[in-house]
Every structure is written in structure tokens, then in C-alpha cells.
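Student: Sequence order for the protein chains is A and B. Mapping the first sequence onto my numbering, position 121 (from 1) lands on 121, and the numbers just tick up by one. Mapping the second sequence onto my numbering, position 114 (from 1) lands on 114, and the numbers just tick up by one.
Don't read these hints as lab results, they were simulated from the structure. In this text, a Cβ means the ideal position worked out from N, Cα and C, and glycines have one as well. Heads up, a few of these hints could be off.
Claimed, not checked - Below, a sample of chain A positions facing chain B; criterion: calculated Cβ distance under 7 Å:
| # | residue |
| --- | --- |
| 1 | Glu9 |
| 2 | Ala60 |
| 3 | Asp61 |
| 4 | Gln87 |
| 5 | Val113 |
| 6 | Arg144 |
Said to hold, decoys possible - Far from chain B by the CB rule (all over 10 Å, computed), these chain A residues:
| # | residue |
| --- | --- |
| 7 | Gly24 |
| 8 | Ala30 |
| 9 | Ala35 |
| 10 | Gln36 |
| 11 | Leu68 |
| 12 | Gln72 |
| 13 | Asn97 |
| 14 | Ser111 |
| 15 | Arg155 |
| 16 | Ala185 |
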Amino acid sequence: MRVVIGDDEVLVRAGLAQVLRDGGFDVVAAASDAAQLLQYTKFHRPTLVVTDIRMPPGNADDGLAAALRIRQELPGTAVVVLSQHLQRKYAVELLANNSEGIGYLLKQRISDVITFCENVRRVGTGGTALDTEIVDLMVARARRGGDAIDALTERQRQVLELMAAGYSNAAIARRISVTEKSVVAHASHIYEGLGLLPDDDGHRRVQAVVQYLNR
Amino acid sequence: MQSVKGHSVGARSVKGQGSSAVRSLHFSLLALAGATFAIGAIEIAMNLVEPAGPPWAVVAFIGVAWVYAAAGLVAWWRRPSNRIGPLMLFCGACWLAAGLLNSGIPALISVGMVTATVPLAAAVHLLHAFPSGRLHGTASRLTVAGGYFVAIVLQAPLYLFEPNPPPYDWLWVADRPDLLALGGAAQRLAGAAVMIVTTVLLALRVRAAEPARRRVLLPLLSYGIFAVLSVPLSAAVISLLFGLSPVAQAVFQLAVMAGLPIIFTFGVLSGRFARTGEIEELGAWLGSAEGSRPALADALANTLGDPSLRLAFWVPELDGYADAAGSPIAVVPSSGERAVVEVNLADHRVGAIVYDPLIVADAELVRAAGRVVAIAADRERLTVELRSSREALRLSRARIADAGDRERRRVARDLHDGLQVQLLLLALQAQELAGAHPAAARDVVALRTGIDSAAADLRAVVQSIMPAALIERGLSAATEDLVDRLPLRTRLSIEVQDGTLPEVVENAAYFIVAEGLANALKYSNAEELSVRMAHDDGKLMVEVSDNGVGGATLNTGSGLRGLMDRTDVLGGILRVISPAGDGTRLVAELPCGS
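Pulled out of the complex, with its shape left as it was, chain A reads as follows (with noise of 0.2 Å):
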């Protein structure tokens, strides 16, 4: 899989490409501010964008707007945005049209490479990866809401999060240790529940979910 990085710290630049290279992802190109990520992107045409979103030459958000314009003018394109801090903000921004290929995560967690290069993958191959900071808190605000969440069991939630998160039924089986098909009599419970169409195992699920989380 053909990716271009982004991150204007040289160190964090070569550790994140060996990380990738290691996980079987093919680094074509590292860039070093936002202007550069979108003109590497725009000639290697890759499969995913890995960006860090605080980069030259604004130093602020300028790679989540490098990201977001990659989304729209090449809109094939899968993109995983890292970050030191994570906000909500950023992710409904990011998940606005589709969630397909859509990739929110703390930086810190390249360190779990393994982890890491699932999510990168699962991003690449059409796939939602949002970090369980971001989904917690998501799901925490509309609690407070006084929402039909409440009534879910603790089971429940914990799929709900998972399926927020961008796990599929088999990675959320795996993770809390139970079979697939009861991970699918979860999902149809909180469908029900928060009103939602059913969708299946499919892609735009995450983003039913993430849509309701932030009404």
C-alpha cells in the first residue's frame, strides 16, 4: 500500500516510515510542511495520507486542512491525522461527508506499532479508525445529554464505542472476547435503541453512529 507522510520533525518523519515500513506499507514520500504533503500527494497519487496536523507553514491546524483538501480534490484517497491533542471538532470535520478512509488518532499511539499499522491498514483499505480518547469522549457528551444511551447495558456501550471506534463486528468480537454473532445481536440492540437504520458490517456505519453521537 502506497503512502506519503507528513510531520515537519525530522525524527518523528523516519520512525513513523520505518514504523510503516515495517507493518508492509510502501513510504513513497515524506513531507515536511503542508504544502509539500499536498504536492507529494497530488504526484504520487498514493493509497493513504499519514499527516501530523500542527505543521509548517502555519503551524496551526494547517495539516488537517492539507488533509481535508486532499479528501476533496483527490477524493479516493484514505487519511489518517495525527495529533497531541484530539478534538471533537477536528474529528466531525473530518467525518463531515464521509467516513470512509478516514483515520483520527493520538500520536503517541504509533508507538503501538501493531495497533497502529491495523488502523492504518483498516483506514487504507476503506476503513474508519477513531481513536477511543476521541470516541469516549463523544459518547461521555451525549450522555450528558440525557440521551436513549443511558438506557444501553455496559456491554452495549462498549460495542458502540468499538463500532464508533471503526472496529468491524469480527474486531469488536475479538476485543471484548465474545462470538461475532453475538456482537451482531449488540449492534441490532443499539440500533434500535438510538434509533438508527441498520447498516450491517457496512463502512458507513461508523459514520450513523458518530453522526448521532454528535447531534
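For chain A, the structure is supplied; the task is to place chain B on it using the hints.
Tutor: Here is chain B on its own, set in the frame of chain A:
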């Protein structure tokens, strides 16, 4: 507040309308004007009843008295502390007294006879006393006294020893032609001496005056001497030179004498000396009741007749000047359009008067005014110094707050680019080690997760120093992120566009909201919180409220004090509205510059 009120009252009194003292002066002057007119009118009427001279001559004589009185009253009204006004009024009275010669009533005629030449002595007095109305120097005083002696005492032989027909014989004691001749000669001689000494003294005074002053003094005093001399000399010299008839001679004398008060009044009111009198006025104003003083600069501007006049106060700490509000101002040395005169008090600099040299040509005059107000100015200067140090303190606090914010940003960025990156790299290295040494893998992974949790702690620290959202986006994004992480339901209403407010205002607003929310969580026991922000009319309105127990003050939570300072520095307002049992509202209004 008190002093401001006082100022406005005083300002009116200097313009001459307000204070009760000035009002009663005006009332008295009007009464004097009425009396003078009435006495003159009665004298004219008496002459009509019992003609003692041609009516036109009497009317002209009384007319001169009225001109003196009127000129005196105008000068007195306009320059209450200049004595030239009262002196001219006195001259008018002398003319009225002398006019009684034509009254036809023996007692009054006698008054007229005694005072017949007093108007001349009074005119000499006027010459010596111009322009302040006061006599300066022993020579002047003696000469004026001599003038009155000649006019009153040496006049006596004329009515004591000359046999006149009734009713002019009331004071007559004996028919003594010898004494009469002797008295007349003595009066002429002494009168001539008084005139000569007067001429010399005035000439000396004109010579000693500064050029600018001399230009005005010379024609005025020359005319004065000419006018006074014209009476005794007109018969002998002027009539000979111009061949005047006795009637024309009398008219000429009266006209010349009537011209004297008119030009002197004009001189006092509009000439450069006017201001000598005005400076005395300034002194009088300084002596007036404390509370009724207008601002010093206004009084100076009024006195010197230059509305553009500014008074700058010397502030040693600034090593420069400040205005009355304490803000530093530049005082540039005199140029064509603005002139500067320093005000000093016993060797130390008090301030400077900046004025328009086209309006006030005489720098000495401004210096004199400066000397008069020096002590008052010094006192005001101390206030200015205080204000200035307060202003300096505010600016320094603003700089400290700004420096603090910049330091927070710097530290947050440094941690983001430094320590956070290092922890990530360390964790990556640990992960690599785990791969390379499968035996130690378990320990090394534990090390890696330890590093990850240190990184999580560090993220929280960085967030509290200067939130990433505030750096990356701005106030509304940062506030939204803050509210997202609150454990309580929070209504959020933000009508602020990120990037439209000055950074220092965004920072202040953010920390106010953060502190307000933290306090609400800690103390209010509320179920719901609310954050509102609106940018309107050059102001950012920030409100954090809860439906909790209330009873909070600015002393609730140590952070609010610091926010007070922050708000204060921006010139904003921070209030806590927290009735017991009815929730708490923390409201801040922050000016946003432009």
C-alpha cells in the same frame, strides 16, 4: 467628583458671571453708573433752571465726566482687580464735582470752586498709575501727591481772596490782591513742576520698558502728557499757534481730556498691558476659594487669551512631560507655531506652558503668568505624577500579562515540539527493543506503556498551559473543546468568529471561561452550566453561569483574582453575580480595541 464640580463653578466665575462676589460687583458697578448719570443730569438741569454758563458748555463738561466714569466702569467690569477702572471713575467724580461751579447754589458752587483743578491732578494720577492702576515708586507717589496739593491747597487763594459777585463769594474771606497774585503764581509754578517731573518720570518708564511694551506705552503716555498739558497751555500756546476762539479752545480742551480715559481703557482692555492686569487677575483667582478653582490650564488660557494654550507637567520618572491625565506628551522646543515657556519653582522644573506666539507675543508675559501659578502647578504636577505612575503601572501590568501569555504559548509549543516528540521517539525505541529482544519483550512493552502514560500526563499539562485549540484555531474552538470535556451538561452559545479578536483578548476570555467553569464545577453543585460569548460594538461579552448554590464572590477560587487583573489590564470589567441559592453568573466585558 467634588473637585470636578468645583471646577465648573470656578470656570464660570473667571469668565465673570458665576460667583456671588462677581455678581455683587456687577450690581454695584451698575448702581454707580446710574448714580453718575443721575448726578450729571441733575447738574445739567440745575444749569437750565438758573443758567450760569452756556448750556452746551455745561453739557460738554458733564459729558467729559460721563466719559471718564463710563470708561472707568467698563475697565472695572472687565478687569475687576485692575485699579485703573476705579481710578477713572474717581476722575469722573472729580469732573462732576468741578462741574458744580455751574449749579447756581452757593454751597455747591463752593464745592466746584474748591475742586476746579482737581480733574487735572486726577489725570496726572491716572498717567502715573497706568496700566495697573497702582502707583509704583516713591517719585511717582510724591508727584501725584504734589499734583493734588497744587489742585486743592494752592487753589485756595483763588476763592479766599478774589472778590467775586454772588453767589460765587461764599468762601471769600478778604480782598487781598497780593495774596491772590502770590497764590496764583505759586500754583502755576508748582503745577509746572509737577508736569515736568511727570513727563520725566514717564519718559524714563517708557525708556526702561521692553521694546514690545514701549511701542504701546509711548503713544499712550505721550497723549496723556499732551492732554494734561493742553489745559494750562492751551490758552498761551495752542491758541496762539492755531488761532482758536475761546469757544473752540474750551471744546478742544474738553475733547482732549475726554480722549484720555477712552484710549487708556482701550489700552487696558486690548493692548499688551491688558495682560499685566490679567496676571493680577490670575493671582486674584489663585487666592480665591479653593473649591471654586477651574483647571489651571483653563485659567492660564483665559488669562493669556490663548485658547490653544496647554500646560504640561514635568514628571521626573518619565524624564519628560505629561498631560493632566498623566499620559506622556512630547513638548518640543519653541518653533514658529508653538512657543514653550518653562515653569520653575525654586530651581526645580514644574512644567511648561505651550502657547501660540502669534496670540501672545510677549514671552515675558507668559513667564510672569507661569511664576504666578508655579506653586499651584507644582501641586497639580504631583497629582499628574501619581496619575502617570498609575498609567505606567497599568501599561506594565499589560506588558506582564502579554508576556505571560506569550511565555505560555512558547512553553506549550516547546513541549509540543520537544518533550512530546521525545516521549514518542522513546516509546518507539522501546517498541523496537521489544522486537529485537523477545526475552525482555514483556518488560519493554511495560516500559513503552509507561512512557505512553507519561505522554498522556504531559498532554494534560500542555493543554492547561495553553490549549492546542487556542493556538491552532482560536477562542471558539478552544472553548468548544473545553466544554466537550466537562462532566456536566453545558449550554454553549458562541457568536465569535475565530481570528477576528486580538490574541490578548482571546487568551483572557479563554482563561476567564476556563476558571469560571472550574469554579462552577468545584463549588456550585450545579446541574447545568452555560457559556455565552458575543462580540458586539467593540466589546467581547463573556458569561459563564450555573444553576447552583450561588453565594460566590471574586474571592471564590484563587484564580478569579488573577482574572480580575487580566480584565483590568485590558480595561474590561469582571463581575460575579451570585445571590445565595440562585446560581452564579461570571460576566466579563472586554474591549477589543478596534
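Student: List, from low to high, the hint numbers that the structure doesn't satisfy.
Tutor: Violated hint: only 14; rest satisfied.
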